[in-house]
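Using the hints provided, position chain B relative to the given structure of chain A.
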Amino acid sequence: MKKEIFALSVICLILIVFPVALFAYQAWRTNEPGIRTIDLVAHAPASGGWIPDTINVNVGERVRLRISASDVVHGFEIPALGIAVDEILPGHVEQVEFVAARAGRFAFACTRWCSVDHWRMRGVIQVIDPANPDQPPPLAALPLYQQMKIDIDAPHPAPNVPAARPAAARGARLDLAVPDDLRNQSPSDVFARLRGDPALKANSDTDLWDAVAFAWKSAAGDAAIAHGRALFARDCAACHGEGGKGNGTAGRNLPGLAAMQVSASLMSTVKRGPADFTDASKMLGASDVLLQGKILRGGMGTGMPEWRTLYTDQDMWDAIGFLRSFVFDYGFTK
Amino acid sequence: MTTSRIELTGIPIVKQLLVSRWLQWSLVAATLPFFVLAILTGLAGTPAGSRNFGIVFVWIVWWALLILVLVPLAGRFWCAVCPIPAPGEWLQRRALVQPREGGRLFTLGWKFPRRLSNLWLQNAAFIAVALFAKVILTTPFVSALALLLFVTIALVTSLLYERRIFCRYICPVGGFIGLYSQLAPAQVRVKDHALCATHHDKTCYTGNERGYGCPWLVFPAALDKNTYCGMCAECLKTCSLDNVALYARPFGADLLTNNGRRFDEAYRGLMMLAGAPLYTVVFMGPWAEIKQAAYAVGSPNWWGYALGLLALMLVIVPGIFFACAALARVIARVQTPARNFFIDYGYAALPLGLGAWAAFSLSFVLTNISYAWAVLSDPFGWGWNLFGTADWKWTPYLAGGHPILQIPILLVGLVASIAVALRTAREQHVSQRAALPIVAFAVTFTLGLVWLYV
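Sequence lines, in order, name chains A and B. So the first sequence is residues 1 to 334, counted in the numbering used here. So the second sequence is residues 335 to 788, counted in the numbering used here.
There may be inaccurate statements among the hints.
DSS-like, lysine-lysine: derived pairs with alpha carbons at most 30 Å apart [unchecked claim]: (1) K3/A x K349/B; (2) K536/B x K3/A; (3) K349/B x K2/A.
Derived list of chain B stretches under chain A, where covered just means 3 residues or more per stretch with a C-beta under 8 Å from a C-beta of chain A [unchecked claim]: (4) 365 to 371; (5) 429 to 435; (6) 580 to 586; (7) 659 to 669.
Away from chain B, derived, C-beta distances all over 12 Å, residues of chain A [to be verified]: (8) P45; (9) D86; (10) F98; (11) V99; (12) A101; (13) D117; (14) P133; (15) I152; (16) P198; (17) A202; (18) S204; (19) H227; (20) F232; (21) R234; (22) G299; (23) R308.
Just so you know, these hints were derived from the structure itself, not from any lab. Ideal Cβ positions, reconstructed from N, Cα and C, are used throughout, including at glycine.
Isolated chain A (complex conformation):
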């Protein structure tokens, strides 16, 4: 009988004490006084995306996110809080800590092209003021395109298109005076204004386009363009293609693309699929504000995500600064 009791005790240790010890060890590891630990698991969007996709924390709370991936490599970013994890390998746990300093809703997203539906992989952290838990998040200002009542879905072909790709470097050497309120104007409009200036009558169209290219480059600034280039590589190139031609692998079968309704009159002007940034007519006919509207609102069911919740205004201006390089020669070396 003693032998049986001993044998049974060992089995009970294995079946009961061993599992309890494992979970107790994990609880001991992850619970640190003063820090709220939240497990966040990244799945490809088809398998559920972020779980949980909504995280509620209180203002002033110190939060530790333990982020893991279940299937493929994901990334993580809360742009508004300046938190990013570049790489979350499947089965690994990455930790980030932050203090939720102000109330509000802060979007987070995957920053790796984890699947075709990568851009759907988003979530939100709601920072709630315990003293006023029902307080709605502050309203954001209307985007510029709405303030200026620009129809961003209307065709916007440029009336003037250069014969060759304008070069910013040549434009710099010309040292022409170009208006500096560029965001509200399309390059084509600015070219038209320059062309109409009697003082520039001696300059060729090519000169003026070069001057326009230089104006856009210097208005954006090299640092911003470099940042925009990094954003493009991370978030846009998969669909729009590395060369901006709208031929990225991930853009071929975007959800909703086949069902995209385009009126007969627009068939010739509206492209079904990711925009081609090398199309001079469209890019030179669009103001920065219009492009920003397209970026922040997204493609409304075409597969183009909205970026308003993830990008700051500056991110968007920087991205646009880089997008111009597909029609203006900024002297990048490939």
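Frame of chain A, contents of chain B only:
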């Protein structure tokens, strides 16, 4: 047919170990923590299979141990160690180590239906696992549920039926191990059949104060192959004449006779043979569409995959082999039914099958075993680093060199299969040319695998 054999139980310490009532309990108690951990990590750990103990240790480490070491060298030894039937058996006996006084067992003690007392249930279970293998072998949660399901079935059958019905007739791995254990150089057998004939009590089957009757429903005196012997050594304890022993013997000794060959076993051997290239394609092949179809359970593509799998394992490979057996019968110019030829020659597929599975498993294991180091330190994928190996990267071992190891294994299997086929012809007292279609089948199958591996 008697083959040369060496009685290992002639070594006192081996004998002492095998007759000890603590032996099986100790072995199960040693594997049980790993099994419990595999289930816990499957249920609560990371869904990333490559970082989950339940996937890495069950389907990579254990599988490697089973196919590359235990089955070829020790036959069904794993069945003596396996923790899956242990809870049911302990409950049935209401004892973990000692035989219960009075011998009354906690079970309804039903006899298993005669119609199901064969390999067909195990064949069906093997097919069911194969159909969902891509999911079971890569998804920790599903893997854990599958293990729990096996434990539950083993428990319920122990309460309803006599002895180890789950192991004998249901376990999908058991049928696999059982057939290939015929090739192992170890066996439990009676020493002297004549002595058994004089023993009226048959305590090896009925049990006594020293142990239980054979849990595998095998009468040791009639045991002439390893297929259904779980190597639990219960008969060594209960034989009051000390007439049962553990022997070392030549590889494949069970295949040296045509006696006791059965259709369900022959068919199972061919099913498993078909399974080897199938698993190779699904787990190691470059065809992403097939892998995706195998994983997308319930999708139209999966149904296509499932139909293909069923056709290959149930119809195409056994069918081609049947045609070869029928041709062998024509060459032999005998009136024996083709079915009998299929059965007799079906056993020639066993060395080929084990070789094919070993070759697949070797590549699978060399490719994936490095996951084990990280998983040892972080079994749940929770960010632990118990032994400092959590960040060890995945590194396929001998990448590019697998065929150098695989091809010799396949060739050993092929040569053994041909030898068995030729011997079968001799046993049938027909011309050895009758075995040529079977030899052609084995050669073609091997060439197909070589093409897959190279």
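Going through the hints against the structure:
1. With a C-alpha separation of about 21 Å, the suggested pair K3/A and K349/B falls inside the 30 Å cut-off, and the hint holds.
2. Distance check on the hinted pair: K536/B and K3/A sit about 27 Å apart at the alpha-carbon level, within 30 Å; holds.
3. Between K349/B and K2/A the alpha-carbon distance is near 24 Å, which keeps this suggested pair within the 30 Å criterion.
4. With a threshold of 8 Å between beta carbons, the proposed coverage of the region 365 to 371 of chain B by chain A holds, since 4 of its residues qualify and at least three are required.
5. With 4 residues carrying a beta carbon less than 8 Å from a beta carbon of chain A, the region 429 to 435 of chain B meets the three-residue requirement, and the given coverage holds.
6. Given a C-beta distance limit of less than 8 Å, the hint that chain A covers the region 580 to 586 of chain B is violated, as 0 residues qualify and 3 are needed.
7. Check result for the region 659 to 669 of chain B against chain A: violated, 0 residues qualifying (beta carbon to beta carbon below 8 Å, three or more required).
8. Distance check on P45/A: its Cβ is at least 15 Å (rounded) from any Cβ of chain B, clearing the 12 Å threshold; non-interface status holds.
9. At the 12 Å boundary, the C-beta of D86/A stays outside the reach of chain B, the nearest C-beta of that chain being 16 Å off.
10. The claim that F98/A is not at the interface with chain B holds, since no C-beta of that chain comes within 12 Å of its own (minimum 18 Å).
11. Non-interface status of V99/A relative to chain B is upheld: no Cβ of that chain comes within 12 Å, the nearest being about 22 Å off.
12. The Cβ of A101/A lies farther than 12 Å from every Cβ of chain B, with a closest approach of about 26 Å, so its non-interface assignment holds.
13. Non-interface status of D117/A relative to chain B is upheld: no Cβ of that chain comes within 12 Å, the nearest being about 16 Å off.
14. The beta carbon of P133/A sits about 32 Å from the closest Cβ of chain B, which is more than 12 Å, so the claim that it is off the interface holds.
15. Every beta carbon of chain B lies more than 12 Å from that of I152/A, the smallest distance being close to 38 Å; the non-interface claim holds.
16. Residue-level check passed: P198/A sits 65 Å from the nearest beta carbon of chain B, beyond 12 Å.
17. No beta-carbon of chain B is positioned within 12 Å of the beta-carbon of A202/A; the least distance is around 62 Å.
18. Look at S204/A: its CB is around 54 Å from the nearest CB on chain B, clear of 12 Å, so calling it non-interface holds up.
19. Residue-level check passed: H227/A sits 32 Å from the nearest beta carbon of chain B, beyond 12 Å.
20. No beta-carbon of chain B is positioned within 12 Å of the beta-carbon of F232/A; the least distance is around 29 Å.
21. Listed as outside the interface, R234/A is consistent with that label: its C-beta sits roughly 23 Å from the nearest C-beta of chain B, beyond the 12 Å cut-off.
22. Taking the minimum C-beta to C-beta distance to chain B, about 28 Å, the non-interface status of G299/A holds against the 12 Å cut.
23. The claim that R308/A is not at the interface with chain B holds, since no C-beta of that chain comes within 12 Å of its own (minimum 31 Å).
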